[in-house]
Amino acid sequence: MQTNLRSQAGPYFGEFGGRFVAEPLIAALDELEATYLAAKADPSFVAELAELHKTYTGRPSIITEAQRFASQFGDMRIFLKREDLNHTGSHKINNVMGQALLAKRMGKKRIIAETGAGQHGVASATAAAYFGLDCVVYMGEVDTERQALNVARMKLLGAQVIPVTTGSRTLKDAINEALRDWVANVDNTHYLLGTVAGPHPFPTMVRDFHSVIGVEARAQMLELTGRLPDAVAACIGGGSNAIGIFHPFLDDQDVALWGFEAAGDGIDTPKHAATLSRGRPGVLHGARSYMLQDEDGQTMESHSISAGLDYPGVGPEHSWLKDLGRANYFGISDAEAMDAMRLLSRTEGIIPAIETAHALAGMKHLSTVLPAGAHILVNLSGRGDKDMETAGKYFGLLGDK
Amino acid sequence: MSITNDVLERNKESGRGTLIGYYPAGYPTKQDSIDSLVAMAENGCDILEIGVPYSDPAMDGLVIQHATEEAIANGFKLRDLFEIIKGVREKVDTPLLVMSYWNPVLSYGVEKFSEDLVSSGAQGMITPDLIPDEASKWISLSDQLNLDRVFLVAPSSSDARVENNSKSSKGFVYSVSTMGITGERTELDRIARSVVSRVKSLGDTPTCVGVGISTADQVREVNSYADGAIVGTAFVKAYQQGGLAGLVSKTKELAGGLG
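Chains as they are written, first to last, in numbering that gives the first Met the number 0: chain A, 0 to 400; chain B, 0 to 258.
Rather than coming from a laboratory, the hints here were simulated on the basis of the structure.
Predicted model, so just to flag it, every value in this text is computed and none were measured.
Accuracy of the hints is not assured; some may be wrong.
What the hints assert, rightly or not - A few chain A residues facing chain B, derived, Cβ under 7 Å:
no.	residue
1	G13
2	G17
3	A21
4	P23
5	A26
6	L28
7	V141
8	T164
9	N175
10	T389
All C-beta atoms, glycine included, are put in the ideal place defined by N, C-alpha and C.
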């Protein structure tokens, strides 16, 4: 196995990645890459972002050992990296603050974003409010309905939310619409892409902004337990929280990496979002990566109870890690995720986002493949407040309305 | 040698100018798209551009999005594309280019797609989301098979990219006239002229201007500084509003802008 997995800087991760976009966007991608590389090398940018995370995001996020939760799975210790405690309630803010600073550097006064569950939209609207930028969020019409509370949050923060009514009316179509907006308004607009998919430099840059999760967690685990964990786990849709916590561990060969994708009705049914388990390589939204597609290369609709994982593509670095065998990807059904959501709530007093619950549900599988006494670090990527409508209906908690 | 290139040069020399017409494959059905493309050729289009319906057409405006969605809903499959091309070829010998997003081509197999372009009688392909930087396989295959290969240049493209994309193209290079996605504009952007003049000053590849052309005057104006005018949305809209007869009359109207 290679030992420099962490040094990949794009545009390619093996045969994945690249820039499969129309020529009118290339100048904007070049500008973004140049701005990002200069900022990364500029101590004042690094310091400004660190200060923002300290005084606004609420970093470093803590680690909580989930003993009662872990006891359900036999002899293992589970540690939760508490990204749910960040301002706005998920890991998404890490990337958003970084990119908003870059937008400022580029002199762009308007940011646009896509959102599925609404977490990235809320984080983008928050950053726009903080920095005084105009913000437009594209959201599939289906998602505006199942995540109505997040729509209200974005509007309260001053963002304009545009429901997308084309295609499957979910996250993938919101990305198409954001790309159209960007092509038309590239002079004054930064597209604040919320995951590690898309054309270069997004997969690399968004990963770098989220790798603070893994950098902190790696040091925290060493301090708390005196050693590295046996496995690191995260849920995966586009793959941003997963790559954020995986990346600093890529060259720690004894640390297993597990991504849990949404298997919807079941991995062997037609209704799932298990891109890495059931897809094949293709080009979607500007990068070559695994994706769900039919025999003609038409993108297939994904299905998941979790709007944030309901995406038929995935970041190219994950495709590369899968093919290398460095990371493992495994499907979790809606029912398994919802059970895990309730279990964590009742054993630890922590209500996770439904996305995150997929990673928690994966503990059952890990208990069968890891040795007794294993230490598992789980990225608790977001909190479940936004999912109360879905959970309330699912568990019958809302009474008759 | 490129037939497309020949048509552009001949029409330039004669002072006629060139009208390139886009129409989606399989819209609303396979046979309808054959009839439409044949009618466009017979009524004034010098070059045909046949669009491949795709689930994620991030570069298209609403009119074309809705048309291609309908084609897919009506059962369009990639193999139908080549039957449609053959159907057009049985009636007219107008140069014909396929315009496709890259994933359907990748999925079909770049090599097989290229071979089927040749065997069905198409002259080449326009690739809106494939830049030359990512196109090494398509470039070598299209060289081998003598297929036209049309890349894009945009107002935002650096001079180095304008030069490279033009040189990488065969047949012509596609100048995007506005920053926006395809859709009608009441006035052509002066930016189109500047893109074209950069293409001209940096190389000798012919260039045609697309995006936003919907009147005979615009066809005439574009041909005064570029090698051809590309029209898509206006033709699809004409079909939607008036069927084949509407498309025929729109084609005649726009061809009226030629010399």
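Against the structure, the hints:
| no. | hint | in the structure |
| --- | --- | --- |
| 1 | G13 | violated, 15 Å |
| 2 | G17 | holds, 5 Å |
| 3 | A21 | holds, 5 Å |
| 4 | P23 | holds, 4 Å |
| 5 | A26 | holds, 4 Å |
| 6 | L28 | violated, 10 Å |
| 7 | V141 | violated, 16 Å |
| 8 | T164 | violated, 10 Å |
| 9 | N175 | holds, 5 Å |
| 10 | T389 | violated, 26 Å |
Taken one by one, the earlier hints fail for this structure at numbers 1, 6, 7, 8, 10, listed in ascending order.
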